[in-house]
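Chemist: Single-letter residue listing:
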Amino acid sequence: MVVELLEFSLTTHPNDILNITDHVKKALASVAISNGIVVVYMPGSTGGISFVEYEPGLVKTDIPALLQKLMPEGPDYSHHQTWGDHNGHSHLRSFLIPPSLSIPIRDGHLLLGTWQQIVFCEFDEKPRTRTIYCQFIG
Amino acid sequence: MVVELLEFSLTTHPNDILNITDHVKKALASVAISNGIVVVYMPGSTGGISFVEYEPGLVKTDIPALLQKLMPEGPDYSHHQTWGDHNGHSHLRSFLIPPSLSIPIRDGHLLLGTWQQIVFCEFDEKPRTRTIYCQFIG
Amino acid sequence: MVVELLEFSLTTHPNDILNITDHVKKALASVAISNGIVVVYMPGSTGGISFVEYEPGLVKTDIPALLQKLMPEGPDYSHHQTWGDHNGHSHLRSFLIPPSLSIPIRDGHLLLGTWQQIVFCEFDEKPRTRTIYCQFIG
Chain A
25 MVVELLEFSL
35 TTHPNDILNI
45 TDHVKKALAS
55 VAISNGIVVV
65 YMPGSTGGIS
75 FVEYEPGLVK
85 TDIPALLQKL
95 MPEGPDYSHH
105 QTWGDHNGHS
115 HLRSFLIPPS
125 LSIPIRDGHL
135 LLGTWQQIVF
145 CEFDEKPRTR
155 TIYCQFIG
Chain B
25 MVVELLEFSL
35 TTHPNDILNI
45 TDHVKKALAS
55 VAISNGIVVV
65 YMPGSTGGIS
75 FVEYEPGLVK
85 TDIPALLQKL
95 MPEGPDYSHH
105 QTWGDHNGHS
115 HLRSFLIPPS
125 LSIPIRDGHL
135 LLGTWQQIVF
145 CEFDEKPRTR
155 TIYCQFIG
Chain C
25 MVVELLEFSL
35 TTHPNDILNI
45 TDHVKKALAS
55 VAISNGIVVV
65 YMPGSTGGIS
75 FVEYEPGLVK
85 TDIPALLQKL
95 MPEGPDYSHH
105 QTWGDHNGHS
115 HLRSFLIPPS
125 LSIPIRDGHL
135 LLGTWQQIVF
145 CEFDEKPRTR
155 TIYCQFIG
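Protein chains in written order, with the numbering used here: chain A, 25 to 162; chain B, 25 to 162; chain C, 25 to 162.
Extracted from the complex, chain A is given alone in its bound form (with noise of 0.2 Å):
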């Protein structure tokens, strides 16, 4: 069995959606891997990670105001007063789209569908720089 943990850095803005697939295939083609799955996972509690079909569209338009419709930026959530800072909207999006997410590989490849990308969330409110883990096993 091989268990890899391979990483990449990501400079990332608020509201950012990320198209991540390159970066993960990447990974996968640098680890002896042919059948396994990857944890793609970024460590922190104002990001998510989630499946999309990566188009302006969904990316720039619909998805940001589907978050800002279920958890929206402006209200001074109880999470400001403990802290000082002005993100609870991040962390109410981190909660319900984890930064976790499992994908079986096959004969070393991704198994993805042909319009399904693998994004990265920036729900915070500040520029990152975030650290993306693939954690591989097979």
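Some hints here could point you the wrong way.
Copies of the same chain look alike in the list, so a pair counts if it fits in one copy or across any two.
[Unchecked claim] No farther apart than 20 Å at their CA atoms in a straight line, the calculated lysine to aspartate or glutamate pairs in the EDC-like style are these:
no., residue 1, residue 2
1, K150, D100
2, K84, D131
3, K93, D40
4, K93, D46
Since the hints were derived computationally from the structure, they do not count as laboratory data.
Assemble chains B and C onto chain A, guided by the hints.
Modeler: Chains B and C alone, transformed into the frame defined by chain A:
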């Protein structure tokens, strides 16, 4: 260690919430794993996988009403302008409820609660044939 | 390879959001794994597992308010007519925030951010005794 990928197919209709527990159990019965995990997974960006107590009140009424409230079918999403299709709501639902779920296996059985069933949710607007993968590791 | 399943129990009350990070760390300390993953999991359909910065503003006020907004307790869900119970909201919350989460392990430690804690969310309407499982693979 055993790594084994099995698959099964489903014919689906829009808004289907299908109980796939027996499909996954049947796949498990054919692999030589006593302890480990299974990643239940659908490659695509307009479906979801989750757990639910499988009874008609929830799967025919309450969950469809929840999905329609949070991510309604009907609005003219920006996604529609990119491709000329009408399934923006399908992508939003799959973003929030992604088609990947990991379940422990103990002594050759899925570790499920008494009422807990695994479901595939068809979020797309047209009938589909879906392939669901079970990646077993143990 | 090591595959080891550990468990711990929690006594819960409705709307509890409990920090289980130390329980998972303690389980990890007793298994012979340096690198791999843990699937933190609760068998059941009225609880959830996610990450959050564990401070009272979020766990006592902001997250309960979010859950009540998205999937309110109160309405007479169709689920209630099937069994005569009153926990339709519990099932909806668990459908959206399922009780399964995978976390990488590196050099014998959970790969967690500074403020990132693992939480079990009790969505049911009555006090429960819950068993949480940690399936370690590495």
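Chemist: Next, verify each hint and record whether it holds.
Modeler: Quick rundown of the hints versus the structure:
Only within a single protomer do K150 and D100 lie at most 20 Å apart by alpha-carbon distance; the minimum there is 17 Å, versus 31 Å between protomers. Taking CA atoms no more than 20 Å apart as the test, K84 paired with D131 passes in neither setting, with 34 Å inside one copy and 38 Å between copies. Taking the shortest Cα distances, K93 and D40 sit within 20 Å of each other inside one copy (17 Å), while across copies they are farther apart (25 Å). For the identical chains of this complex, K93 and D46 are neighbours neither inside a copy (30 Å) nor across copies (34 Å), given an alpha-carbon limit of 20 Å.
Of the numbered hints stated above, those contradicted by the structure are hints 2 and 4, listed in ascending order.
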